[in-house]
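**Student:** The lines below spell out each chain.
2 protein chains.
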Amino acid sequence: MPPQWDESAVTEDDLIAALFAPIAGEGALGLRDDAALIAPTPGREIVVTLDTVVAGIHFFADDPPGAIARKALRVNLSDLAAKGALPRGFLLSLSLPKDFWAGAGAQGWLETFARTLGEDARRYGCPLLGGDTVATPGPLTLSITALGEVAAGRMVKRTGVKPGDALYVTGTIGDGALGLKARMGETPRLTGADEDFLVGRYLTPEPRNALARAMADFASGGMDVSDGLVGDLSKMLRVSGVAARVDLRAVPLSPSARALIAHGPEWFERAMTGGDDYELLASLPPGRAAAFEAAAAEANVAVTRVGEALAGAGAPTFIGLDGAPATFKVGSYGHF
Amino acid sequence: MPPQWDESAVTEDDLIAALFAPIAGEGALGLRDDAALIAPTPGREIVVTLDTVVAGIHFFADDPPGAIARKALRVNLSDLAAKGALPRGFLLSLSLPKDFWAGAGAQGWLETFARTLGEDARRYGCPLLGGDTVATPGPLTLSITALGEVAAGRMVKRTGVKPGDALYVTGTIGDGALGLKARMGETPRLTGADEDFLVGRYLTPEPRNALARAMADFASGGMDVSDGLVGDLSKMLRVSGVAARVDLRAVPLSPSARALIAHGPEWFERAMTGGDDYELLASLPPGRAAAFEAAAAEANVAVTRVGEALAGAGAPTFIGLDGAPATFKVGSYGHF
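Protein chains in written order, with my numbering: chain D, 2 to 337; chain F, 2 to 337.
Where hints are given, some of them may not hold.
One copy or two, it doesn't matter: identical chains are merged, so the pair holds either way.
Using 35 Å as the maximum straight-line C-alpha spacing, the simulated DSBU-like pairs for lysine-lysine come out as follows [stated by the list, open to error]:
#1 Lys182 <-> Lys99
#2 Lys99 <-> Lys330
#3 Lys99 <-> Lys163
#4 Lys236 <-> Lys99
#5 Lys182 <-> Lys330
Please keep in mind that the hints were generated in silico from the structure rather than gathered at the bench.
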């Protein structure tokens with residue numbers, strides 16, 4: 002890489018050669034072609050997912066470039082994990098604001114962005130395969146398409162929940178939503194450690210790709226939690242045509258989330274409905290529960306049983322902190 | 002679909018159900034899941050490509066919605082065709098401006114966009130598989146990821162040109178670049194028919210997917226022409242490590258392009274360097290030329306031999322209209 006680019010004349014080819022080719026995988030053909038190539042493993046199917054994030058909508062334009070890179074990739078990795086798929090690679094659409102190059106540190110920003118993206122790609126075994134870099138009069142926008150593989154017929158579907166299935170969540174719920182409020186300075190006073198933890202969970206989700214194999218082996222239905230546990234679980238149950246009883250008292254909370262929730266029930270509601278969790282929901286027959294839990298322990302991913310699916314098409318019953326059925330106004334996200 | 006949406010409360014799920022689910026393919030799982038599923042054909046590999054287009058950069062915001070839909074899909078289909086791949090499906094990232102819903106006719110715009118996209122998807126056998134719809138404070142932005150399949154080991158690469166290969170182009174070159182100038186009112190006076198033809202070629206490229214099988218069967222190297230024949234051909238030869246002699250007098254021109262080029266050599270230069278062709282470049286051993294031409298005729302795609310690749314790593318020699326070697330200032334696209 003040149004020590005300092007002539008920023009008045011940086012081309013897409015320059016960016017590719019300096020920043021993206023070093024983090025590209027084998028099927029990327031050095032990022033010198035029109036397309037990438039994936040040789041599917043015999044007996045496996047390709048799972049493909051796409052998520053777009055826009056500065057000012059899905060992240061803050063002044064978030065650290067490494068955090069932006071990680072989150073854009075990880076929200077897609079989370080979708081692959083929920084489907085039981087192992088990553089094969091990803092494509093990146095990077096729309097850079099027209100005034101990007103006028104800002105101080107444009108080169109450093111991009112170097113950190115690409116280096117961190119490459120570190121995450123290695124960490125999750127999901128190399129860069131290709132993409133497109135364009136200029137936009139709008140905000141920084143990243144769209145990532147991630148491709149994975151799963152044994153034929155084993156992709157875990159949202160529609161697969163069966164009556165009687167046990168319902169599980171991974172990790173802890175609500176940290177991301179509470180972290181967003183902390184990031185915006187809209188929470189009661191927290192310790193520095195709690196604030197750092199929650200904001201960190203908002204900025205940098207931990208996708209549960211280590212659980213993908215157990216999902217494919219044991220889950221009947223699954224999805225990742227991105228728009229809030231209550232809303233996403235309701236959606237999964239609805240498209241599966243089942244009802245459920247979910248005990249929110251069983252939903253795992255981090256100590257930092259507990260500290261904030263102690264300030265009032267509105268924080269619990271936000272934790273259950275707010276989104277940005279990137280944890281997994283799984284349903285499975287109770288007879289598979291022990292094997293699933295053992296596989297999760299082996300993968301070092303915490304899983305917690307929070308309810309069971311029931312015959313019938315009614316809305317799920319959520320048991321609140323007071324032990325009575327709770328209803329939630331599931332957050333509206335404006336138009337989308 | 003409701004006869005008139007409540008535009009103050011349209012959700013992504015509404016858009017999916019009303020507009021996108023009807024044009025989705027089998028692997029899309031009704032667009033109700035986190036991901037799409039592709040069962041690869043045994044013995045074939047997956048080819049994946051991504052192109053992003055931004056209003057005000059790659060198209061005009063007031064272009065007809067159907068034209069925007071078609072071009073966004075077709076520039077990706079063109080990449081698959083160049084690689085010899087048959088389409089399997091695509092994912093759409095649609096970023097709608099925040100004020101989109103405030104404009105008159107938002108619903109009609111989206112209906113036409115989605116319906117036309119669906120028509121093109123059927124026409125080219127490339128169904129919608131999934132995607133993401135987001136709001137943006139910026140301009141309308143579309144990013145499409147297209148997936149195709151090619152016999153294992155047969156993907157046509159940019160790097161595959163061999164010394165001695167014959168060099169071919171499809172269709173006619175320059176119409177798109179001249180059409181863009183006509184669209185901007187920056188050409189000498191043309192007949193209405195010529196202007197309509199050139200602007201049409203700019204707005205709605207005709208990807209050469211019918212030639213994909215012949216590309217995979219016969220081509221050593223290939224790419225599609227999107228950034229101008231001279232620049233793209235130079236790039237393909239450079240990454241292949243070969244030189245070439247290309248006779249631009251042999252490059253096929255449409256009658257409408259000829260009418261404009263009659264106004265001066267600057268129009269010829271623009272035709273050769275301007276981009277937006279979405280025709281294919283192919284290289285193949287001369288011994289395969291007759292079979293390739295026969296397959297192209299069978300596919301009803303015009304192909305024209307324009308030069309040959311030569312041993313050596315020097316820049317290609319382009320013979321201009323006067324029979325002498327010509328040099329071109331290959332267009333700069335700002336930062337990208």
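**Student:** Now tell me if each hint is right for this structure.
**Tutor:** Going through the hints against the structure:
1. Lys182 <-> Lys99: This pair counts as both: shortest intra-copy Cα distance 30 Å, inter-copy 23 Å.
2. Lys99 <-> Lys330: Intra 39 Å, inter 24 Å, cutoff 35 Å: inter-copy only.
3. Lys99 <-> Lys163: The answer is neither: 50 Å in one copy and 39 Å across copies each exceed 35 Å.
4. Lys236 <-> Lys99: between (39 Å within a copy, 26 Å between copies)
5. Lys182 <-> Lys330: Classified as within; 18 Å inside a copy, 53 Å across copies.
The earlier numbered hint that this structure contradicts is number 3, and it is the only one.
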